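Asker: Sequence:
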Amino acid sequence: FSKCGYSEKAFGVLSEMRDFGYLPNQFTVGGLLSCASLDVRAGTQLHGLSLKHGLFLADAFVGTELLCLYGRLGLLEMAEQVFEDMPLKSLVTWNHMMSLLGERGFLKECTFLFRELVRMGACLSKCSFLGVLSGVSCESDLDISKQLHCSAKKKGLDCEVFIVNSLISAYGKCGMIHMAERVFEEATSCDMVSWNAIIGATAKSENHLRALKLFLSMSEHEVSPNQGTYITVLSTSSHMQMLSFGCQIHGTLIKHGCETDLFLGNALIDFYAKCGSLEDSRLCFDSIPDKNIVCWNALLWGYANRDDPVCLSLFLQMLEMGFRPTEYTLSTALRSCCATELQQLHSLIVRMGYEDNEYVLSSLMRSYAKNQLMNNALLLLDWSSGTSSVVPLNIVAGIYSRSGQYHESVKLISTQEQPDTVSLNIAVAACSRSDNHGEVIELFKHMLQSNILPDNYTYVSILSVCSKFCDFTLGSSIHGVITKRDFSSADTFVCNVLIDMYGKCGNIGSAFKVFEETREKNLITWTALISSLGIHGYGHEAFEKFKEMVSLGFKPDHVSFISILTACRHGGLVKEGMELFRKMKDYGVEPEMVHYRCAVDLLARNGFLKEAEQLICGMPFPADATVWRTFLDGCNRFAEEERSTLNFVSVQ
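1 is the number of the first residue of the sequence shown in my numbering; add one for each residue after it.
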């Protein structure tokens with residue numbers, strides 16, 4: 001009865017047994033305690049029965065089962081009390097207690113028990129190590145992870161697949177991916193959990209390309225991915241903006257008939273939304289029969305990120321279907337509100353009791369600022385200062401900055417007695433947006449002199465200014481600071497701005513070098529290099545890079561096409577450029593005015609005036625003055641006075 005979860009029937013048999021005069025022993029109570037459906041009340045009754053009949057004195061069996069029951073019910077203090085009260089403890093008892101502590105993040109207490117076991121000379125099992133390793137959660141736990149690894153090696157347990165998996169996971173959480181990879185590579189046998197652990201750890205370290213390569217090599221080792229593998233890979237693909245790769249994963253899931261699985265469905269919605277393919281994201285959303293709030297949040301984020309008004313209509317639809325929004329849902333909906341809708345959503349937030357939630361309150365203030373309702377945002381700040389929820393000064397400064405009140409933002413930051421990196425980043429970004437070149441440099445100097453470490457956000461803001469003003473001297477100096485502090489810590493955004501800065505300053509060699517050193521290249525990385533090559537006349541090189549980018553699974557967007565068409569224009573690659581222009585729709589990109597201007601310029605400056613004129617006449621919208629001016633310049637260049645005059649009259 002206990003094994004099948006029928007606790008009431010099992011207790012009935014116990015009661016009947018006692019009525020017949022049979023006393024329960026450790027096996028009777030131990031069997032009942034293993035029942036998965038037991039609640040706290042039943043557990044405490046059995047606890048009392050065990051004490052009454054002295055079952056703790058017989059052996060460790062009953063105490064261990066009781067400890068496990070309290071652990072399953074989340075009653076850690078009661079589990080610890082049972083452990084302390086047990087006169088007899090087996091290795092299994094110690095292992096279970098360490099696992100309970102480790103899984104709940106009490107690594108210090110868990111390590112203490114492990115060391116007690118070692119001091120007592122106990123024969124450690126693999127479960128002894130697993131319990132402690134499960135408690136590793138961050139960089140500060142690295143020393144413990146290394147000690148456990150060495151101890152497992154001495155005991156000859158380091159090749160056990162469960163130990164291998166836990167070590168990979170522990171090193172990954174500590175940020176020591178090279179150690180995790182070493183454990184994985186040295187393992188004599190790896191299962192699916194091992195592969196999931198190393199792929200997850202690699203992805204978490206932001207080495208996304210390496211994570212995808214590991215996934216592809218799974219099939220070579222005849223290991224089949226599971227739900228967790230696909231979820232990690234889809235998340236990694238979205239970080240890399242590798243739409244085609246993710247589509248292949250989607251195809252595999254359809255083939256196996258599991259694309260409507262709730263967790264995989266959520267991952268697919270999130271993947272397509274983050275890659276900007278909202279149509280596919282919506283299709284995945286519609287295909288899930290039993291949606292949860294995570295599905296809605298993922299889809300809402302996609303529309304909100306594109307400032308699409310559909311976001312709010314979806315939010316209202318979600319409410320009508322009875323879903324209660326989370327703080328994340330409300331924050332996402334606030335991003336796409338206009339002024340009139342914002343007041344209504346504010347009322348809903350108050351009715352639902354989220355007005356004291358710092359995350360929602362901060363989002364509400366940002367939304368008011370975005371809609372130029374600064375008085376409302378500041379009134380909200382005054383109101384919140386009297387509640388338990390305090391909006392940080394940095395958020396207010398950020399609101400001023402984003403609403404264009406850059407001087408107010410810097411002024412507010414200057415009132416702080418001890419500004420931190422975040423505060424100064426906001427000030428640097430504000431000065432950068434207001435084109436205050438000199439102030440940006442002074443703020444950066446102040447950071448270094450005050451021993452406030454700049455981070456990637458600082459570098460992006462400063463390098464953006466260098467790029468805008470073509471300040472090669474300052475830009476290369478910042479690059480030197482980044483390299484000195486460890487260039488490998490610079491994220492993809494920093495590398496992208498460096499490539500753009502060097503390109504605009506005319507140093508193609510440095511731009512190419514940064515590109516090669518960028519570990520995680522995304523679509524913007526490739527576009528930045530293609531643009532840099534193109535504007536300096538390296539049309540053929542830019543075209544080859546574009547082809548390489550597409551072959552790696554990156555889907556070009558409207559900016560990528562502007563860059564490559566500009567490159568073809570400067571390099572005189574008429575055939576190649578026009579072929580790409582005609583293929584834009586194949587990539588889901590609708591040509592805009594700027595693309596037509598590039599194509600017309602490409603044709604006109606190379607003497608294909610008739611074709612340029614036909615292209616203008618076939619445009620789905622009227623050509624603007626810049627398109628006609630580009631065409632007329634081509635006519636003048638090739639002395640086509642009649643064509644130029646006729647078209648000038650047409651423009652007039």
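Hint data in this document are derived by calculation from the structure and do not stem from the laboratory.
Among the clues, some could well be false.
27 Å max Cα-Cα, derived DSS-like pairs, lysine-lysine [unchecked claim]: (1) K173 / K146; (2) K108 / K52; (3) K547 / K484; (4) K213 / K173; (5) K108 / K3; (6) K154 / K89; (7) K155 / K204; (8) K213 / K155; (9) K583 / K547; (10) K484 / K513; (11) K585 / K610; (12) K173 / K484; (13) K204 / K585; (14) K153 / K126; (15) K213 / K513; (16) K547 / K575; (17) K204 / K146; (18) K9 / K52; (19) K155 / K173; (20) K126 / K154; (21) K484 / K468; (22) K9 / K213; (23) K108 / K126; (24) K108 / K155; (25) K126 / K3; (26) K213 / K154; (27) K146 / K126; (28) K583 / K610; (29) K126 / K155; (30) K513 / K547; (31) K154 / K108.
All of these numbers come straight from a predicted model, not from anything done at the bench.
Asker: Decide, hint by hint, whether the structure agrees.
Answerer: Here's how the hints hold up against the structure:
The suggested pairing of K173 with K146 holds, with an alpha-carbon distance near 13 Å, which does not exceed 27 Å. The suggested pairing of K108 with K52 is violated, with an alpha-carbon distance near 34 Å, which exceeds 27 Å. Using a Cα cut-off of 27 Å, the hinted pair K547 and K484 is violated, with the two alpha carbons roughly 34 Å apart. Between K213 and K173 the CA atoms are separated by roughly 20 Å; this keeps the pair inside 27 Å, and the hint holds.
Distance restraint check for K108 and K3: the Cα-Cα separation of roughly 34 Å exceeds the 27 Å cut-off, and the hinted pair is therefore not satisfied. At most 27 Å may separate the alpha-carbon atoms for a hinted pair to count; K154 and K89 meet this at roughly 25 Å. Among the hinted pairs, K155 with K204 is inconsistent with the structure: their alpha-carbon atoms are about 30 Å apart, more than 27 Å. Between the alpha carbons of K213 and K155 the distance comes to roughly 33 Å, so the proposed pair goes past 27 Å and is violated.
Distance restraint check for K583 and K547: the Cα-Cα separation of roughly 13 Å lies within the 27 Å cut-off, and the hinted pair is therefore satisfied. Distance hint between K484 and K513 is fulfilled; the C-alpha atoms sit about 16 Å from each other, no more than 27 Å. Using a Cα cut-off of 27 Å, the hinted pair K585 and K610 holds, with the two alpha carbons roughly 23 Å apart. Restraint check for K173 and K484: satisfied, since their Cα atoms lie roughly 26 Å apart, inside the 27 Å limit.
A distance of roughly 35 Å separates the Cα atoms of K204 and K585; the hinted pair therefore is violated under the 27 Å criterion. Restraint check for K153 and K126: the C-alpha separation of about 11 Å stays at or below 27 Å, so the hint holds. At roughly 23 Å between alpha-carbon atoms, K213 and K513 fall within 27 Å of each other, so this suggested pair holds. Under the criterion of a C-alpha separation no larger than 27 Å, the hint pairing K547 with K575 is consistent with the structure, at around 15 Å.
Distance check on the hinted pair: K204 and K146 sit about 20 Å apart at the alpha-carbon level, within 27 Å; holds. With a C-alpha separation of about 22 Å, the suggested pairing of K9 with K52 holds against the 27 Å cut-off. For a cut-off of 27 Å, the pair hint linking K155 to K173 stands: about 24 Å separates their Cα positions. A C-alpha spacing of about 12 Å is found between K126 and K154, which places the hinted pair at or below 27 Å, so the restraint holds.
Under the criterion of a C-alpha separation no larger than 27 Å, the hint pairing K484 with K468 is consistent with the structure, at around 24 Å. The hinted pair formed by K9 and K213 fails the criterion: a straight-line CA distance of about 53 Å is larger than 27 Å. Only pairs whose Cα atoms come within 27 Å are accepted, and K108 paired with K126 is accepted, the gap being roughly 19 Å. Our distance criterion of 27 Å between C-alpha atoms is met by K108 and K155, whose separation comes to about 22 Å.
In summary, the hint linking K126 to K3 is supported, as the alpha carbons are separated by about 26 Å, within the 27 Å threshold. Our distance criterion of 27 Å between C-alpha atoms is broken by K213 and K154, whose separation comes to about 33 Å. Distance check on the hinted pair: K146 and K126 sit about 16 Å apart at the alpha-carbon level, within 27 Å; holds. Between K583 and K610 the alpha-carbon distance is near 21 Å, which keeps this suggested pair within the 27 Å criterion.
Only pairs whose Cα atoms come within 27 Å are accepted, and K126 paired with K155 is accepted, the gap being roughly 9 Å. Taking the CA atoms of K513 and K547, the gap is near 19 Å; set against the 27 Å cutoff, the hint holds. For a cut-off of 27 Å, the pair hint linking K154 to K108 stands: about 23 Å separates their Cα positions.
Consistency with the previously given hints fails for numbers 2, 3, 5, 7, 8, 13, 22, 26, ordered from lowest to highest.
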